[in-house]
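Given only the sequences and the hints, what does the whole structure look like? Please build it.
First to last, the protein sequences are chains A and B.
Residues 1 to 134 in the working numbering are what the first sequence spells out, letter by letter.
Residues 1 to 134 in the working numbering are what the second sequence spells out, letter by letter.
Rather than coming from a laboratory, the hints here were simulated on the basis of the structure.
Just so you know, not all the hints are guaranteed correct.
Stated by the list, open to error - When the alpha-carbon atoms are kept at most 20 Å apart in a straight line, the in silico DMTMM-like pairs for lysine to aspartate or glutamate are as follows: (1) K95/A <-> D90/B; (2) K53/B <-> D43/A; (3) K94/B <-> D111/A; (4) K53/B <-> D111/A; (5) K53/A <-> E98/B; (6) K65/A <-> E119/B; (7) K65/A <-> E80/A; (8) K95/B <-> E98/A; (9) K94/B <-> E98/A; (10) K65/A <-> E16/A; (11) K82/B <-> E104/A; (12) K95/B <-> D56/A; (13) K94/A <-> E104/B; (14) K94/B <-> D56/A; (15) K65/A <-> E22/A; (16) K82/A <-> D63/A; (17) K82/A <-> E104/B; (18) K95/B <-> E104/A; (19) K53/A <-> E22/A; (20) K95/A <-> E104/B; (21) K94/B <-> E104/A; (22) K53/B <-> D90/B; (23) K95/A <-> D56/B; (24) K65/B <-> E119/A; (25) K82/B <-> E119/A; (26) K82/A <-> D111/B; (27) K82/B <-> D63/B; (28) K65/A <-> D43/A; (29) K65/B <-> E22/B; (30) K24/A <-> D43/A; (31) K53/A <-> E104/B; (32) K53/B <-> E98/A; (33) K53/A <-> E119/B; (34) K53/A <-> D111/B; (35) K82/A <-> D56/B; (36) K95/B <-> D90/A; (37) K94/A <-> D63/B.
Said to hold, decoys possible - Chain B residues, not near chain A, derived (Cβ > 10 Å throughout): (38) M1; (39) I15; (40) E16.
Remember, predicted model here, so these are calculated numbers, not experimental data.
For every residue, glycine included, the Cβ atom is placed at its ideal position computed from N, Cα and C.
There are 2 protein chains.
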Amino acid sequence: MYSIGQVSARSGVNIETIRYYERKGILPAPARTQSGRRQYDRDDLSRLRFVRKCRDLGFSMSDAKALLGLAISGGMNCGEAKPIAQAHLDAVVKKMAELARLREALRSLVDACREPSSECPMLGLIFEVSDIPA
Amino acid sequence: MYSIGQVSARSGVNIETIRYYERKGILPAPARTQSGRRQYDRDDLSRLRFVRKCRDLGFSMSDAKALLGLAISGGMNCGEAKPIAQAHLDAVVKKMAELARLREALRSLVDACREPSSECPMLGLIFEVSDIPA
DNA sequence: TGTGCAACCTGTAGCGGCTACAGGATCAAG
DNA sequence: CTTGATCCTGTAGCCGCTACAGGTTGCACA
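Next comes the structure, spelled out in structure tokens:
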């Protein structure tokens, strides 16, 4: 039996965040002591760590909730879990492509500022691109 | 002279977003007609497009505000603009590295689900990693 | 047994960057 | 003169937390 402070320390998840997960229904509400304090058991801790791991992997909270549900409900069926992970993987790959474009655009802007000029070419470029066509 | 709808169409920025930028002080408040409607001139439109371009480049709103300020205030000095862009570029590169790690982790999880199994290995892996050490 | 402080509780508000209303005023065309 | 598009303000919601305020417990030590 752990207090919220203890599961926080053991999971690396902020106390406020744990309560937040509970409020949002990501985690089931744990038992309470007579005075109303949350009391977590080993399974509660495992679930919290699972959610934390999902978040570390970049899954949304609703994905984390769904995956935890699948993991808990005996099933553990790839049929449902894999597409969630695959979709997230696809999103990550897509995001990386976007960032790569951004990086190149930023590089060319920063490179434009090689020699010190009173009229910053970078700012000029941003203005140019946004010049009035019509 | 453009209405807010016209600058929205010409800049590709949502009407509500334009008003939001004004509220947040990113853009200066434009003139108004007698009846209180916003009236934008060419410069207003240029500024809006500049901000939009900054946002497209992934700059934060406060960066966009700062860059616009530098671009407007005659100065256009690289000395102030370049570090902002460089810092953002660094952040983008860092973010890409994070995403690359994520992508590999997700790939190995998804790959674990090659052969159909009733006990999804992916979910097992997430649980494993979050197993109770102490 | 008192006392002091750490840890807990609930509820609410804030962050960034929008988006989406509600409920009203105004404009321009038919 | 009516209709419908466009505009106005103000407020609330989204995500995933984080940070309070203001109150109750639990526990160690004198």
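Check your understanding: Where does the structure disagree with the numbered hints, that is, which hint numbers, in rising order?
Key -> 2, 35 and 37
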